[in-house]
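**Q** These protein sequences, in sequence, are chains P and Z. Using numbering that gives the first Met the number 0, the letters of the first sequence map in sequence onto residues 0 to 221. Using numbering that gives the first Met the number 0, the letters of the second sequence map in sequence onto residues 0 to 247.
A portion of the hints provided could be inaccurate.
Said to hold, decoys possible - Cut-off 20 Å, straight-line C-alpha distance, at most; resulting in silico cross-link-like pairs (DMTMM-like, lysine to aspartate or glutamate):
no., chain 1, residue 1, chain 2, residue 2
1, P, Lys93, Z, Glu220
2, Z, Lys46, Z, Asp24
3, P, Lys187, Z, Asp154
4, P, Lys187, Z, Glu220
5, Z, Lys113, P, Asp92
6, Z, Lys5, P, Asp92
7, Z, Lys113, Z, Glu48
8, Z, Lys15, P, Asp92
9, P, Lys93, Z, Glu94
10, P, Lys187, Z, Glu150
11, P, Lys93, Z, Glu217
12, P, Lys187, Z, Glu217
13, P, Lys187, Z, Glu226
14, P, Lys83, Z, Asp115
15, P, Lys121, P, Glu160
16, P, Lys83, Z, Glu13
To be verified - Here are the simulated distance ranges between beta carbons:
no., chain 1, residue 1, chain 2, residue 2, range
17, P, Pro186, Z, Leu192, 24 to 30 Å
18, P, Ser99, Z, Asp24, 35 to 41 Å
19, P, His185, Z, Asp120, 29 to 35 Å
20, Z, Ala157, P, Asn53, 54 to 60 Å
Said to hold, decoys possible - Some chain Z residues close to chain P (C-beta under 7 Å, calculated; not the full set):
no., residue
21, Gly71
22, Arg72
23, Thr167
24, Ser171
25, Gly209
26, Val221
27, Leu230
28, Gly233
Please keep in mind that the hints were generated in silico from the structure rather than gathered at the bench. A virtual CB, placed ideally from N, CA and C, is assigned to each residue, including glycine.
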Amino acid sequence: MKQTTLTYKLVMAATGLFLCFFLVIHLLGNLQLLLPESEAREQFNWYSHLLSGNILIKIISYVLYLSLIGHAFYALVITKKNIKANGSSYVYDKRSQVSSWNSRNMGILGTIILIFLIIHFKDYWYEYKFGSLPLDAKGNKDLYSIVISSFQQGWYIIIYELSFLALGFHLLHGFFSASRTLGLYHPKYARVVRFFGWVYSILITLGFMLIPIYIYFNLNAL
Amino acid sequence: MKLYLKVWRQENREAKGDMVSYDVDGISVHMSFLEMLDLLNERLIQKGERVIEFDHDCREGICGACGMMINGRAHGPLTGTTTCQLHMRSFKDGETVYIEPFRAAAFPVLRDLKIDRSAFDHIIQSGGYISASTGQAPESNSIPIAHEVTEAAFDAAACIGCGACVATCKNSSAALFTSAKVSHLVLLPQGKLEAANRVIKMVNQMDAEGFGHCSNTEACEVECPQEISVLHIGRMNYQYNKALVLRK
Chain P
0 MKQTTLTYKL
10 VMAATGLFLC
20 FFLVIHLLGN
30 LQLLLPESEA
40 REQFNWYSHL
50 LSGNILIKII
60 SYVLYLSLIG
70 HAFYALVITK
80 KNIKANGSSY
90 VYDKRSQVSS
100 WNSRNMGILG
110 TIILIFLIIH
120 FKDYWYEYKF
130 GSLPLDAKGN
140 KDLYSIVISS
150 FQQGWYIIIY
160 ELSFLALGFH
170 LLHGFFSASR
180 TLGLYHPKYA
190 RVVRFFGWVY
200 SILITLGFML
210 IPIYIYFNLN
220 AL
Chain Z
0 MKLYLKVWRQ
10 ENREAKGDMV
20 SYDVDGISVH
30 MSFLEMLDLL
40 NERLIQKGER
50 VIEFDHDCRE
60 GICGACGMMI
70 NGRAHGPLTG
80 TTTCQLHMRS
90 FKDGETVYIE
100 PFRAAAFPVL
110 RDLKIDRSAF
120 DHIIQSGGYI
130 SASTGQAPES
140 NSIPIAHEVT
150 EAAFDAAACI
160 GCGACVATCK
170 NSSAALFTSA
180 KVSHLVLLPQ
190 GKLEAANRVI
200 KMVNQMDAEG
210 FGHCSNTEAC
220 EVECPQEISV
230 LHIGRMNYQY
240 NKALVLRK
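So here's chain P without its partners, still in its complex pose (with noise of 0.2 Å):
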């Protein structure tokens, strides 16, 4: 199929917006860290070893992996393809008084997250897979520990909380984005569609700072 800046687009689109599904499912598995310690640890151990045991979610993850490097490749592919559009620049610009400073700037935001993602992996998928973890008293592997002794350390937080107000103003911008670019045009829906997404993104983003906080004030007797 020919390529052009729409299809591009429409892969952007689908990958984020599968992403976008994606960050509800991960926040929602996360919650059970907001459970007491006692519950926690078991129950967030035994779901930790659900996930990597299923074939469904390992085609899943699998989908995930290609949606994450597609979106970040194809950004890349873009972002040299405008700049070459571009041409010359002007000698004085103010056109930033004309739109928001997030939808102008989602690359800067998505390498802020791309880098945020590699310590992620590193820290929890790199060493759940490749580790060698304790046992917990069911005998899986014990993540819980893990996560909570990563999330007593100050500047660990601050790198987490930042990263999640990147993503914020990411998601902010690119799921009503994502809905322009896959044709939705109707005034009332085109509407509804954006104060869905703000609602969506805050939710997500409080969501996901809230987790590391809890545990910083919550558990660092553990």
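With chain P held as given, fit chain Z onto it using these hints.
**A** Relative to the frame of chain P, chain Z by itself:
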């Protein structure tokens, strides 16, 4: 009033341009921006210098010929106006005003503030028409079209092709221009017949001209003198996606 202008001067397409300073006094607040440039040009002629070249035609805000970046904004600080409809009352006495041509790889600078917007013509030529046999004008009521539909189509058709959307876009995307034409034609029964082919051809041509991707920053809608809605971009995307899915 007196203004300190910094104007982009460029000899031709290949030459390297730069900003040149001009102090202009005796400006009336009632002058349009183009009349202010006329005043400066008359003085340049008297001094035997080459005038600052810029595009203009109707000077009443409906042709789309004039267009320049004024203080870093397409068509200047006001929204919903062309450069010719911007008046000197929008500036303060003693202000420094930067004037540059619209910039995009697809809009090469010809000289000073004049750019080549043929890329837009090529997009229209690629599909912005209906294939109808010429002859007698048909009876106007033979094809029923609801009033709201004609109004919606006319809102899209109001695009004057000035290029402000491209100039203000961080990616130099021509999505608003192309979508306005796609939307105008697809809303009407005469235009629906060739909708799928049209949108594909026009998008292909838009890419071939070297315009960038639409990031939905919506800056174009703000700067558009005709206030063309970004929802037309949504409609173009819908039409394009539909054409991709249904294409044989």
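**Q** In ascending order, which of the hints set out earlier in this document are inconsistent with the structure?
**A** none
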